[in-house]
Amino acid sequence: MRQSLIILAKDLRQRTRDSTLLVFGVVLPLGLAFLFNLMLGGGERRLEARYAVADLDRGTVAQEFVTQVLEPLRAAGDVTIRPVAGAEEGRRLVGDKAVDAVFVIPAGFSAAMQQGRPTALEIVGGADSAVAVQVAREIAQGYANERRMVQLAVTVAGGQATDRELIERAAAAPRPLELAEDSATQRRQLDSTTYYSAGMAMFFLFFVTMMSVTSIFDERREGTLARLLVAPITRRAILLGKSLGGVLVGVLSMVILITVSTLALGADWGNPLGVAALAVAAVLAATGVTAAVATFARTTEQASNRLSVIAMVLGLFGGALFPIAQLEALSFVSVLTPHHWFLQGLGDLAGGSLAVVVVPVLMLLGFAVTGGALALHRLGRMLHW
Amino acid sequence: MPLLEVTGLRKSYGEHIAVDDVSFAIGVAETYGLLGPNGAGKTTSISMIVGILDRDAGEVVIAGQPHDVTSVKTKELIGYVPQEIALYRDLSARENLRFFARLYGLGGRALKTRIEEILEVVGLSDRADERVEGFSGGMARRLNIGVGLMNRPKLLVLDEPTAGVDPQSRNAILESVERLADEGVAVLYTTHYMEEAERLCDRVGIIDQGRLRVEGTRRELVGLVGETDRVTLQADGDLARAVRDLAELSQLKQVSSGEGQIEVLVSDARALLPLILETVAGSGVQVRTVQVHEPDLESVFLHLTGKALRD
Ligand SMILES: Nc1ncnc2c1ncn2[C@@H]1O[C@H](COP(=O)(O)OP(=O)(O)OP(=O)(O)O)[C@@H](O)[C@H]1O
Ligand SMILES: [Mg+2]
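These protein sequence lines map, in sequence, to chains A and B.
With the first letter of the first sequence counted as 1, position 254 gets the number 254 in this note's numbering; the numbers rise by one all the way through.
With the first letter of the second sequence counted as 1, position 59 gets the number 59 in this note's numbering; the numbers rise by one all the way through.
Rather than coming from a laboratory, the hints here were simulated on the basis of the structure.
Bear in mind that the values here come from a model prediction, so they are computed numbers and not experimental data.
Every residue, glycine too, gets a C-beta built ideally from N, C-alpha and C.
Warning: the hint list may mix true and false statements.
[As the list claims (entries may be wrong)] Taking CB as the label site, the calculated pair distances span:
hint, chain 1, residue 1, chain 2, residue 2, range
1, B, 164, A, 335, 53 to 59 Å
2, B, 68, A, 373, 22 to 28 Å
3, B, 68, A, 302, 23 to 29 Å
[Stated by the list, open to error] Not everything, but these chain A residues come out facing chain B in the computed CB check (under 8 Å):
hint, residue
4, 6
5, 17
6, 222
7, 223
8, 227
9, 229
10, 230
[Claimed, not checked] So these bits of chain B aren't anywhere near chain A, every CB distance computed over 10 Å:
hint, residue
11, 20
12, 21
13, 25
14, 125
15, 172
16, 176
17, 251
Please work from the sequences and hints to get the whole structure.
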C-alpha cells in the first residue's frame with residue numbers, strides 16, 4: 001500500500017505537468033454537456049403558446065376551467081391567455097395568427113356539466129401551431145376525463161353535493177393508476193442540463209481513468225516499468241497505485257464537473273450525499289472496467305483505442321449521450337452499463353429519498369469489483385517486460 | 001557461497017531461442033562480464049536474472065534464496081541499470097532518484113543524503129532540479145546508472161551502460177563500477193566492447209546466439225586460442241571477396257569481416273603478413289591500416305564463433 005501511494009504521488013506529479021487530463025476531465029465534458037443541452041434539450045423546453053378563451057357560458061364550471069386549468073399553465077410556461085368576447089373574434093385572431101388556439105366554452109356549459117348532460121368544449125387551432133393546438137386538446141381532454149370521474153363518483157355515491165365540493169373531493173381521492181405512471185416518470189426527472197452534465201461526466205470519466213491506468217504502458221515504452229518490476233514491490237502494488245490514480249483524478253474531475261455545472265449551467269444534481277455516493281461508485285466502476293480492459297492490451301495506443309471504443313459503446317447504450325432508455329428495445333442492454341446505473345441513480349434521487357441510490361451504487365460497485373478482479377487475474381500478462 | 005547463481009536459463013520467442021541453457025555464478029566482490037555481439041541474448045538473460053521477465057526454464061538464486069519475477073525480498077538486493085535509458089523525462093533528476101529510492105523504503109534524512117551522494121557520483125549535482133527531458137544523452141545515461149545505485153545493491157546488474165557515451169563519461173562510469181566492486185558489490189556487466197570486459201571483469205562469459213560458449217578469467221580464455229595473433233585490416237572495397245580469397249589460404253586459422261575491417265587469426269602474424277596483404281590487394285581491396293594484436297578476448301570470440309564481436 002505504501003508503495004502504491006508512492007507510485008500514486010509520482011503519477012499525480014506527472015499529471016500536473018501535462019494538460020491532457022484537464023481537457024478530458026473538465027473542459028470537454030462541460031463543453032459538450034453545454035452543447036448537447038443547447039441542441040437536444042428540446043424535450044424540456046417550456047411550452048410557448050398564445051391562447052384565447054371565449055367564455056360564452058360565464059357559469060361556475062367555466063370559471064373553474066379558466067382558473068384551475070388554464071391559469072396554472074400560464075404560470076408554468078411562456079403561455080399567454082387572453083379572454084375574447086365571442087367565438088367569432090377568437091377565430092379571427094387564430095386566422096390572423098395572433099393566437100395559436102382559442103377555447104370556446106359554449107353557453108349552457110356549466111349547467112350541462114352539473115346535470116351530467118353532454119356538452120362540447122370547442123378548440124379552434126391555427127394550422128401553423130400544431131404543438132400549441134395539441135397541448136390545448138390534451139388540456140381539454142384531461143379536464144373532460146376528470147369531470148367524468150367526478151360524475152361517476154356522484155352517480156355511484158348518489159349523494160348531493162355542490163360542484164365545487166365534488167371537484168375538491170375528486171382531487172383528493174387516491175389515483176392508483178396515475179401513481180404508477182408517476183413513479184415511472186420520476187426516473188427521468190433530471191432536467192436536461194443535469195442529465196447531459198451527468199451523462200458527459202460519466203462518459204468522460206472513462207477517458208480520465210483510462211489515462212491513469214494506461215500510464216502503465218507509457219512506463220513500458222519509457223522503460224521505467226522495468227525499474228518498477230525490479231523494485232521490491234508486488235505487481236499488485238503497481239496496479240493499485242495506477243488505479244488509485246484513476247480513482248483520485250476521476251473523483252476530482254467529478255467534483256469539478258458537478259460544481260461547475262451547478263454554478264454555471266444551472267444543473268440540479270440533488271441530495272449531495274446521494275450524489276457523492278453515486279459519483280464515487282461510478283468512478284470506481286470506471287476504474288475497474290478500464291483496468292480490466294487494459295490488461296488485454298500491450299501498448300498505450302492499443303489500450304486507448306480499445307478503451308475509447310468501449311467507452312463509446314457503454315456511453316451510447318448507457319444513455320450518457322442521449323436518453324436511450326426511451327427506446328424500449330434497447331433498455332435491457334442499457335442495464336449492462338455503469339452509465340445506466342449512474343444516471344438512473346441520479347434520476348431516482350431527484351424523485352425520491354436517499355435510499356433509492358442503494359441499488360444503483362451496489363450495481364456500480366459490482367462493475368468495479370468485477371473489473372478489478374479480472375485485472376488482478378490477468379496482472380501477470382500486463383506487468384512484465 | 002556465490003551471491004548470484006544462474007543455472008540452465010532458457011527463453012524462446014516463438015521458434016527463436018533467445019537464451020539457451022545459460023549457467024554461471026558470481027561471487028561477492030566479483031565482477032562478471034557477459035561479452036557478446038548484438039542479439040546474443042545478453043539483455044534477455046539479464047531480464048530473467050533480475051526478475052522482470054518470466055523464464056521458460058532454469059533457476060536463479062540470489063544470496064541463497066530462489067529468485068523470480070514475483071520475489072520481493074531478493075529484489076531489495078539488486079541494483080539494475082537497463083540498457084535503454086529508463087527515466088521519467090518530465091521529472092527532474094532529483095525527483096527520479098527520490099521516487100525510485102522510496103520504492104526501496106528509503107526516506108527522511110537517509111534519503112536526502114543518499115540523493116546528494118548519487119548526484120555527486122554521477123556528476124549531476126548542479127543539474128539536479130532540471131527535468132530529464134533537457135538532458136544530453138550522456139547526462140541521462142549517467143542518471144540512469146545513478147538510479148540503479150540508489151539502494152546500495154549487493155548485486156549490481158548493468159546492461160551495456162556505456163553505449164553511446166563520450167570517452168570521458170565512459171571512463172567515469174567504468175571507474176565507479178570498479179570502486180563499487182572494491183566495496184564488495186557483485187557486478188554483472190554486459191558489453192560488446194572487449195576493452196571494457198578486459199579492464200573491468202574478473203571473469204568473462206562469452207555469449208553468442210543465446211549460448212554461453214565459454215567462461216573464465218581473461219588469462220584462461222586467451223589460453224584457449226593458444227599462440228595466436230590477430231591481424232586487423234582497415235580496408236575499403238569488396239571485403240567479402242577478400243575474405244573469400246583469404247579463407248582459401250590454409251595457413252590462416254580464421255577470417256572474418258565487419259565494420260569496414262577484416263580480422264584474421266594466424267599463429268605467426270609476422271611471417272604471414274606479406275601473404276595476407278598480397279592476397280587482399282589481389283581481391284581489389286585498398287588497405288588503409290594494419291594492426292597486429294597479441295591474443296585478446298576478441299581473438300577468443302573470433303576463434304569460438306568464426307565472426308567478429310562487432311559485425
Ligand atoms: N520480446 C522479444 N520478442 C521476440 N524476440 C526477441 C524479444 N526480445 C529479444 N528477442 C530476440 O532475442 C535475441 C536476443 O536479444 P537480446 O536483446 O537479449 O540481445 P542482446 O545480447 O542484449 O543484444 P544487444 O547487444 O543488441 O543489446 C535477439 O535475436 C532478439 O531479436
Ligand atoms: Mg541488449
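Quiz item: Which of the listed hints are broken here?
Solution: Violated: none.
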